[in-house]
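Sequence order for the protein chains is A and B.
Each residue of the first sequence is one higher than the one before, counting from 1 in my numbering.
Each residue of the second sequence is one higher than the one before, counting from 1 in my numbering.
For the record, the hints were derived by calculation from the structure and aren't laboratory data.
For each residue, glycine too, the CB sits at the ideal point set by N, CA and C.
Be aware that one or more of the hints could be misleading.
Pair by pair, the computed Cβ-Cβ distance ranges are [unchecked claim]:
#, chain 1, residue 1, chain 2, residue 2, range
1, A, L80, B, K9, 23 to 31 Å
2, A, E14, B, S20, 37 to 45 Å
3, A, E14, B, N51, 38 to 46 Å
4, A, V92, B, E53, 12 to 20 Å
5, A, T56, B, L27, 19 to 27 Å
6, A, A17, B, K52, 42 to 50 Å
7, B, G16, A, Q104, 27 to 35 Å
8, B, L27, A, K52, 22 to 30 Å
To be clear about the criterion: a stretch of chain B counts as covered by chain A if any three or more of its residues have a C-beta under 8 Å from a C-beta of chain A, and this derived list gives those stretches [unchecked claim]:
#, stretch
9, 42-50
10, 103-109
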Amino acid sequence: DAKTTQPPSMDCAEGRAANLPCNHSTISGNEYVYWYRQIHSQGPQYIIHGLKNNETNEMASLIITEDRKSSTLILPHATLRDTAVYYCIVRVDSSNSGKLIFGQGTTLQVKP
Amino acid sequence: DTAVSQTPKYLVTQMGNDKSIKCEQNLGHDTMYWYKQDSKKFLKIMFSYNNKELIINETVPNRFSPKSPDKAHLNLHINSLELGDSAVYFCASSQAQRGAFFGQGTRLTVV
Chain A
1 DAKTTQPPSM DCAEGRAANL PCNHSTISGN EYVYWYRQIH SQGPQYIIHG LKNNETNEMA
61 SLIITEDRKS STLILPHATL RDTAVYYCIV RVDSSNSGKL IFGQGTTLQV KP
Chain B
1 DTAVSQTPKY LVTQMGNDKS IKCEQNLGHD TMYWYKQDSK KFLKIMFSYN NKELIINETV
61 PNRFSPKSPD KAHLNLHINS LELGDSAVYF CASSQAQRGA FFGQGTRLTV V
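Using the sequences and the accompanying hints, generate a full structural model.
Encoded structure:
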């Protein structure tokens, strides 16, 4: 699975949009981009994933560049409860495997 | 209803003991996993099962033995516990390319 690069930490003001970048320049054509987050002392939580097109759900939006070498997770109106470590992961779509390889992630601190 | 549940939430035990952690998912997923998160907060996959069949074993010591009695359950048995086994263990499940759901973790402390 392709490696990802994320900034180690970011700050965001409460109520503002949080834009979390991720580089995955070696991504293959059959690899999806996944985002998870881990709030302190909890299990990782799935946020969103995509292959080529931009995606949006009730939690966030995922913007993938046309060359698929990078992506941005957008939390449109960050709250204090969004403070967490955010992980960007790429993996092959497989019905039998699909192991997630977690990197160091980005620690997002939402400030009042 | 909790989608992925693990028991116990906390486990404190002495070196050399044998212990088990249980995991159940009610999502109907085919694939289940065990992850380990150490003190440095790195999450590493240990095992993956698909329809009760082992498909991933990430060079985990054979003191760790996963058991999947059915596709809704994946238990982790650990023999001869060592200090270095202290960590938070997470169970997860997924279906095809959809996102994985994680349990709340079991904090294992070996003293």
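Do the hints match the structure? See the list:
no., hint, in the structure
1, A/L80 - B/K9: 23 to 31 Å, "holds, 25 Å"
2, A/E14 - B/S20: 37 to 45 Å, "holds, 43 Å"
3, A/E14 - B/N51: 38 to 46 Å, "holds, 44 Å"
4, A/V92 - B/E53: 12 to 20 Å, "holds, 19 Å"
5, A/T56 - B/L27: 19 to 27 Å, "holds, 23 Å"
6, A/A17 - B/K52: 42 to 50 Å, "holds, 44 Å"
7, B/G16 - A/Q104: 27 to 35 Å, "holds, 33 Å"
8, B/L27 - A/K52: 22 to 30 Å, "holds, 27 Å"
9, 42-50, "holds (count 6)"
10, 103-109, "holds (count 3)"
Hint violations for this structure: none, all hints satisfied.
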